[in-house]
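Number of protein chains: 2
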Amino acid sequence: MSADDLAAAGPFDEADRAAVYRAIATRRDIRSEFLPGPVDPAALARILGAAHQAPSVGFMQPWNFLLLHSLETRARVHAAFARANAEAADLFDGESQALYRQLKLEGILKAPLNICVTCDRERGGTVLGRTHNREMDLYSTVCAVQNLWLAARAKGIGVGWVSIYHEPDLREILKIPPAVAIVAYLCVGHVERQHAGPELAAKGWRQRLPLEELVFEERWGQRP
Amino acid sequence: MSADDLAAAGPFDEADRAAVYRAIATRRDIRSEFLPGPVDPAALARILGAAHQAPSVGFMQPWNFLLLHSLETRARVHAAFARANAEAADLFDGESQALYRQLKLEGILKAPLNICVTCDRERGGTVLGRTHNREMDLYSTVCAVQNLWLAARAKGIGVGWVSIYHEPDLREILKIPPAVAIVAYLCVGHVERQHAGPELAAKGWRQRLPLEELVFEERWGQRP
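Read top to bottom, the protein sequences are chains A and B.
Residue numbering for the first sequence follows my numbering, starting at 1 and increasing by one per position.
Residue numbering for the second sequence follows my numbering, starting at 1 and increasing by one per position.
Hints were generated in silico from the structure; no laboratory data involved.
Any given hint might turn out to be false.
Pairs count within a copy or across copies, as identical chains cannot be separated in the list.
Claimed, not checked - Here are the computed lysine to aspartate or glutamate pairs in the EDC-like style, where the Cα-Cα straight-line distance is at most 16 Å:
1) Lys203 with Asp5
2) Lys175 with Glu72
3) Lys175 with Glu218
Only a predicted model underlies this, so the values are computations on that prediction, with no experimental measurement involved.
Build the full structure now, drawing on both the sequences and the hints.
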């Protein structure tokens with residue numbers, strides 16, 4: 001290989017590093033703060049482009065993006081959420097259940113746009129790098145979601161990830177074929193304000209763990 | 001809730017947006033370009049901090065980070081890779097197999113640091129948001145990996161994700177308990193240069209798909 005194939009890859013300057021860290025640090029899961037106007041088409045193209053730049057196993061690019069503007073479609077998804085969420089609340093006890101029932105866990109109807117991000121398990125036949133870890137294509141698709149989320153933060157667009165639904169319900173509503181996995185259901189819209197920190201921490205559901213307790217060296221359980 | 005809990009969430013200015021997009025666009029899977037020196041401890045703390053700021057289902061924060069400096073440990077992982085990779089090569093036919101055998105698919109020994117990122121499936125009992133989609137904690141952990149990768153790019157640190165191994169091999173080498181899933185095995189080190197585009201495209205393995213073919217509206221298969 002010639003050196004021409006290589007590009008500079010050194011550190012960003014301080015201001016640019018700070019911008020990247022700020023996107024990471026101030027990305028929130030948005031449920032209530034969506035503004036009503038439609039998502040700017042150029043901004044939408046930008047965040048989808050960022051998703052498409054995600055790493056993918058064997059350069060498989062297994063993702064698709066289903067854009068859901070229609071209120072009718074989103075109302076059907078919301079009904080599927082509501083049914084699953086009622087079941088979910090019953091799984092928590094006492095005070096937790098009372099708190100759970102107060103939490104706003106989705107912005108399906110409030111956000112002007114929903115995006116269902118899927119993973120085509122059969123794209124490209126035998127996939128380099130997936131031969132021994134079959135779930136790598138799902139993980140690639142999650143990387144696309146996180147890229148989208150961070151690019152959206154930089155654009156002033158909020159994203160919320162909804163995970164409380166029965167998968168067959170969404171599959172039927174969106175006509176997703178059997179070989180395609182549903183990875184993420186996202187609520188998307190412009191925002192002006194958001195929670196200063198993780199909303200579940202602010203509401204007393206669970207607190208940030210100390211990072212140092214999560215780092216091991218050389219083998220599981222061994223502290224640095 | 002008082003307005004005090006909310007912070008500004010508008011768009012970044014143009015320079016800061018560009019920095020975020022640049023991290024996303026120039027993040028590469030590094031295999032060969034690692035510099036030999038150790039990873040700067042402050043930079044390592046920064047990228048682990050970015051990982052820990054990832055979204056997680058029910059604020060579960062299911063991740064751990066196993067830092068592998070020891071050459072002995074990494075040599076055992078490399079042997080596990082080599083065995084699996086020989087099997088993997090046999091799964092491709094003819095020209096593909098010849099090309100596969102020429103590809104450099106990991107930097108386990110060349111990188112000064114490897115990080116195994118895991119997901120504790122049992123952390124925190126019943127998890128909000130995971131009640132109906134059991135794999136959400138794995139996906140949260142992947143978001144942490146992508147955060148780490150982008151923060152590393154901004155720091156001039158390269159990351160390569162190795163997925164070709166038999167999971168029980170890694171589990172035994174790193175003493176990972178049964179309730180903990182191995183999500184990512186990363187090779188990490190400073191870099192000065194990297195491939196200008198996706199390495200598998202440059203080597204002729206597979207090319208970038210047109211994004212517009214991957215976007216649907218309202219239901220699967222319907223073009224905007």
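Verification of the hints:
1. Lys203 with Asp5: between (50 Å within a copy, 10 Å between copies)
2. Lys175 with Glu72: within (15 Å within a copy, 50 Å between copies)
3. Lys175 with Glu218: Classified as between: cross-chain Cα gap 9 Å, same-chain 46 Å, threshold 16 Å.
Of the numbered hints stated above, none is contradicted by the structure.
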